[in-house]
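Using the sequences and the hints given, assemble the complete structure.
Which chain is which? The protein sequence lines are A and B, in order.
Going by UniProt numbering, the first residue of the first sequence is number 1, and it counts up by one from there.
Going by UniProt numbering, the first residue of the second sequence is number 1, and it counts up by one from there.
Check each hint, because a few of them may be wrong.
Said to hold, decoys possible - Distance windows between CB atoms, simulated:
(1) B:E55 x A:T112: 44 to 50 Å
(2) A:D371 x B:G15: 17 to 23 Å
(3) B:E55 x A:E638: 34 to 40 Å
(4) A:D59 x B:D48: 41 to 47 Å
(5) A:R674 x B:E91: 44 to 50 Å
(6) A:R400 x B:D9: 29 to 35 Å
(7) B:R14 x A:N228: 42 to 48 Å
Honestly, the hints are just simulated from the structure, not real lab data.
Just so you know, even glycine gets a beta-carbon here, dropped at the ideal spot from N, CA and C.
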Amino acid sequence: MAEDQVQILHGNTFVVSDAQGDIEASATDPSGLFSLDTRFLSRWVLTVNGDRLTALSTDDLHYFESRFFLVPGSGTVYVDAKTTVIRQRAVTEGFREQLTVLNHDVKPVELTIRLDAAADFADLFEVKDALEKKGTRSILTAGGQLVMTYERESFRRATTVSSTEPAEVDDGGLQFSILIEPHGSWSTELDVRVASLGPGGRPLTAQTPPADEARREALADLEQWVANAPRLTCDWDSLITTYQRSLVDLAALRFSPLIARADSLPAAGLPWFMTIFGRDSIFTSLQALPFTSEPARTTLRVLGDWQGNRVDDFRDEDPGRILHEVRYGELTAFQERPHSPYYGSVDATPLYVVLMDEYERWTGDAQLVRDLEMEARAALRWIDDYADLQGNGYIAYQRRNEETGLENQCWKDSWDSICYRDGRLPGFPRATCEVQGYAYDAKMRGARLARLFWNDATYADELERQAADLKARFNRDFWVEDGQYYALALDADGTQVDALTSNIGHLLWSGIVDADRASAIAGHLLGPRLFSGWGIRTLAEGEARYNPIGYHVGTVWPFDNSFIAWGLRRYGFKAEAARVAAGNLDAADFYHGRLPEAFGGYERALTRYPVQYPTACSPQAWSTGAPLLLLRTMLGLEPVGDHLIVDPALPVGIGRIELLDIPGRWGRIDAFGRGLVEVNRGPKLRNQLGDPTRPHHLG
Amino acid sequence: MDATAEFFDEISQRGHEPMLKRLSATLRWDIIDGDTTEHRLVRIDHGDLRVTMSEEPAECVIIVDRAVCNDVISGRTSALAALLRGAATVEGDTELMVLAQRLFPRRRGVSAGRSYVAGGGALDG
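Shown next, in the form of structure tokens:
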């Protein structure tokens with residue numbers, strides 16, 4: 001995505017425009033006004049007397065509001081300083097744009113202001129794949145409004161553009177002929193409304209409040225969200241920036257699915273993934289639990305409601321399976337894509353049980369655990385009844401929808417991510433190692449829930465027996481003897497896929513690693529082949545497919561690292577966890593507190609800054625959650641009964657971290673961490689290795 | 001007897017759905033068949049099921065053509081896809097519509113994906 005593109009959003013409605021506020025989408029250009037995965041505006045171009053404008057500045061006021069200061073004339077050739085145009089745009093259901101024109105001249109000025117508007121109603125998938133539309137578009141101009149409609153059988157979507165000041169409306173937009181007095185101004189509010197219509201022209205979604213009200217609510221809600229979160233103070237300034245950024249971004253990423261009452265849960269990423277992803281919502285909810293339990297509660301409810309109910313090959317659905325992704329666009333509506341919902345994820349189902357247990361540990365909300373007992377049991381049943389595709393007692397994946405299903409159903413879902421040391425790719429089904437860890441953890445945690453809340457000690461015993469058996473088999477079958485680590489996967493023949501990867505870190509988090517092997521695993525994770533100095537690489541240097549900018553074969557993923565840090569803590573490797581936290585949080589400083597989805601796996605000493613992987617989505621929910629989980633691991637926060645254990649182990653160079661008002665079953669609790677500062681090395685280590693000119697932080 | 005008729009007969013006989021143990025609610029299906037509309041009211045009481053032909057108000061009302069209803073029940077199309085393309089409407093508490101899918105027959109779905117988009121038959125492609 002180009003640097004100058006501006007994104008603002010509200011729920012799953014969002015606008016991507018250029019720095020002037022204009023939208024000029026082509027079949028494949030991903031700008032526009034989107035809602036329910038449909039592009040409701042593909043052209044929105046402002047001209048003054050036929051001239052395009054130049055941006056003096058663009059301000060993101062809030063995640064749902066932007067302001068553009070513009071002057072007529074394009075670029076360096078000519079700038080008319082006598083006129084200023086201000087566009088202030090807030091996203092609601094559609095958007096509102098306050099357009100203000102200022103005349104700085106001593107003479108009156110006559111201007112023709114024009115807004116070109118067009119809607120191609122492309123499905124997000126069509127934008128990616130440049131597909132042709134199958135329905136028909138129509139345009140109606142009446143009563144000062146421009147109404148653009150798309151119809152295909154009973155599928156109907158419409159965009160309505162109107163203005164508070166009278167406009168001449170034609171098929172291509174709105175025009176204003178205005179006279180502004182000396183030093184005067186003119187203003188209008190443009191309203192762009194989107195509608196997804198069902199039978200009888202009724203809207204598919206519930207009516208929303210008027211735009212102004214929605215805007216006020218959004219602002220009050222954001223302030224409330226930040227105010228409710230624990231307060232962080234520390235002598236590491238960039239950590240405070242990162243923390244604040246994470247809170248605001250997490251608020252922006254909340255998303256109310258079409259069918260979940262008024263609740264919201266974390267969407268996967270902005271803007272292209274403003275939808276429910278089982279895996280991403282679960283991981284982000286886990287990361288955020290010490291700070292807010294709302295995302296976890298909603299995620300459990302919504303994913304529980306949508307749990308698979310029958311065997312359906314098109315959607316890769318099974319009874320008990322937790323969904324992978326939901327989409328709302330035309331291709332989903334006509335079953336040209338399977339996302340209604342699509343269930344092709346191998347890890348979301350065990351992780352669902354893991355989240356339920358972790359949620360109860362923090363909140364003490366026994367009621368939800370009792371309400372969702374059948375869902376949790378069905379998820380645990382899925383592991384045994386539907387996921388053992390190799391017939392060897394391990395979870396494996398192979399899509400049944402060969403046309404539009406997902407080939408790789410684990411988090412490393414790119415085509416080459418699951419590979420042998422020598423670079424060969426295994427056949428299907430594939431049983432990746434981290435999923436076996438999740439299954440082990442799900443059974444152990446499920447046993448706790450069964451014993452404490454479902455009044456079923458027999459089931460609890462059975463789950464623990466199964467977990468112990470799985471752990472023993474796993475440590476036998478996945479252990480790569482000549483490398484002293486766990487294989488990435490077992491292939492269709494049960495042969496080890498023997499590449500060294502970050503996946504072994506997730507195994508520590510799940511607790512499936514035999515205690516006497518943990519130090520070998522920690523050694524690999526912090527060793528030169530996996531640890532770059534900024535973080536742990538997805539694939540170790542030296543493997544055939546290693547590439548420091550390969551999506552899942554060499555880059556560093558902050559989300560991945562945050563769970564590995566949690567795993568290191570689980571096995572007592574406090575200093576190692578702190579090193580991983582420090583590297584990732586140092587990297588965040590280079591991105592003004594907003595960690596990207598992934599950055600390059602280059603050696604830290606080589607590049608001196610973390611090279612961003614070129615990706616379209618920012619912020620990404622589980623990258624936003626990563627600093628939160630890293631804070632948890634540095635402070636060693638662990639709920640035990642009705643208490644919160646605090647066992648800090650800070651990175652060298654941090655003197656003090658205080659997290660105040662941590663919410664949970666205990667009410668609110670403060671956590672204090674004191675660290676070591678190496679005084680003989682002078683300034684704090686937190687001065688960036690990559691930026692020696694950075695001012696020293698004062699403790 | 002079509003899938004819709006079989007479905008309401010079957011859940012009436014089933015009497016209880018364990019996957020709906022947490023739910024007590026009323027749902028009504030308004031099934032449009034040409035000029036006539038058939039009403040089926042399903043009362044769920046902690047998973048216990050009772051079906052009547054009643055038009056009385058319910059917390060969730062699903063309005064759908066009979067052919068589309070047949071396809072959703074038999075798994076040829078998903079309820080969400082039908083909703084998105086305007087082939088069905090839900091009034092009231094939409095979460096109940098999601099949960100109501102647990103009443104559908106559990107046998108292996110016959111979803112033909114893209115070849116089935118609307119009630120009444122397969123399309124090309």
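Hints and how they fare:
Distance hint check for E55 of chain B and T112 of chain A: the Cβ-Cβ separation is about 58 Å, which falls outside the suggested range of 44 to 50 Å. Taken as a hint, the range 17 to 23 Å holds for the pair D371 of chain A and G15 of chain B, whose Cβ atoms sit roughly 22 Å apart. The hint said 34 to 40 Å for the Cβ distance between E55 of chain B and E638 of chain A, and at roughly 55 Å that hint is violated. Roughly 58 Å separates the CB atoms of D59 of chain A and D48 of chain B, a value that falls outside the hinted 41 to 47 Å.
Between R674 of chain A and E91 of chain B the C-beta distance comes to about 58 Å, which lies outside the given range of 44 to 50 Å. A hinted range of 29 to 35 Å holds for the C-beta pair R400 of chain A and D9 of chain B, which are about 30 Å apart. A C-beta distance of roughly 44 Å is found between R14 of chain B and N228 of chain A, which places it inside the suggested range of 42 to 48 Å.
In this structure, the earlier hints numbered 1, 3, 4, 5 are contradicted, and the remaining ones agree with it.
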